[in-house]
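Asks: Sequence:
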Amino acid sequence: MRHRAAKEVSAEQALAMAHHEYNRRLAMLENTRQRLEAAFDVAEEDADVLGVAYLSFYRASLNKKIDIQEKDVSNAGLVVESRRNAAVRARQERQVIEMLKDKHLMNYKREVAAREQKEVDELALYAYQRRLDNL
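In this text, residue positions in the sequence shown follow the numbering used here: the first is 655, and each later residue adds one.
In case anyone wonders, no lab produced these hints; they're calculated from the structure.
Take the hints with a grain of salt, since some may be wrong.
[Said to hold, decoys possible] Just the calculated beta-carbon pair ranges, DEER-fashion: (1) M753 to Y780: 36 to 42 angstroms; (2) A701 to R678: 33 to 39 angstroms; (3) E698 to L732: 49 to 55 angstroms; (4) N685 to E735: 22 to 28 angstroms; (5) S728 to R764: 49 to 55 angstroms; (6) L759 to A660: 20 to 26 angstroms; (7) N729 to A693: 36 to 42 angstroms; (8) S710 to R678: 25 to 31 angstroms.
[Claimed, not checked] Below, a list of computed lysine-lysine pairs in the DSS-like style, where the Cα atoms sit at most 30 angstroms apart: (9) K772 to K757; (10) K755 to K772; (11) K757 to K661; (12) K661 to K772.
Ideal Cβ placement from N, Cα and C applies to all residues, glycine included.
Construct the complete structure from the given sequences, taking the supplied hints into account.
Replies: Given below as structure tokens:
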């Protein structure tokens, strides 16, 4: 039982770490998008030819970085989903074990109660037969 609980805790921790990594990558992507937007807000008219070329290369670099980060976010999302499924499976396994344990406990209590009732019935029958024999 402890193994199942430890497995569930481990799966929940892995899910939390994967979710944290997903959020971190998503924040990095949003930051890069904001930098690209800021790069487009720069007025090109005031810059010389070399400045415009550098700005163009910077924008292209940011676009490429955004593409890579979008793939990273997508992969991190898949990892989160995988970890979530693993956590759900671990939780279900623990719950199944608990239900089986509870079922076996109930069966045991019923058997004990049936044995006790049988003993009480035998004692009552024995006492009744003694009374009949004494008459």
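Asks: Would you mind confirming whether the straight-line C-alpha gap from K772 to K757 stays at or under 30 angstroms?
Replies: Since the Cα atoms of K772 and K757 sit roughly 22 angstroms apart, the hinted pair holds (cutoff 30 angstroms).
Asks: Measuring from beta carbon to beta carbon, are M753 and Y780 in 36 to 42 angstroms?
Replies: This hint holds: roughly 41 angstroms between Cβ atoms.
Asks: Go ahead and decide if the range 25 to 31 angstroms is satisfied by the Cβ distance of S710 to R678.
Replies: Since S710 and R678 have Cβ atoms about 30 angstroms apart, the given range 25 to 31 angstroms holds.
Asks: For a C-alpha distance cap of 30 angstroms, please report whether K757 and K661 respect it.
Replies: With a Cα-Cα distance of about 22 angstroms, the restraint between K757 and K661 holds, given a limit of 30 angstroms.
Asks: Is the hinted pair K661 and K772 satisfied, with a Cα-Cα distance of at most 30 angstroms?
Replies: Violated, at about 43 angstroms.
Asks: Mind checking the alpha carbons of K755 and K772 for me, to see if they're no more than 30 angstroms apart?
Replies: Holds, at roughly 26 angstroms.
Asks: Please check whether E698 and L732 have a Cβ separation lying inside 49 to 55 angstroms.
Replies: 39 angstroms, violated
Asks: Can you let me know if the beta-carbon spacing of N685 and E735 is within 22 to 28 angstroms?
Replies: For N685 and E735 the Cβ distance comes to about 24 angstroms; the hint holds.
Asks: Assuming the hint says 33 to 39 angstroms, is it satisfied by the Cβ distance from A701 to R678 or not?
Replies: 34 angstroms, holds
Asks: Measuring from beta carbon to beta carbon, are S728 and R764 in 49 to 55 angstroms?
Replies: The hinted range 49 to 55 angstroms holds for S728 and R764, with Cβ atoms some 54 angstroms apart.
Asks: For the range 20 to 26 angstroms, tell me whether the beta carbons of L759 and A660 fit it or not.
Replies: 22 angstroms, holds
Asks: Confirm or reject the claim that N729 and A693 have a C-beta distance inside 36 to 42 angstroms.
Replies: Between N729 and A693, where Cβ atoms are some 26 angstroms apart, the hint is violated.
The earlier numbered hints that this structure contradicts are 3, 7, 12.
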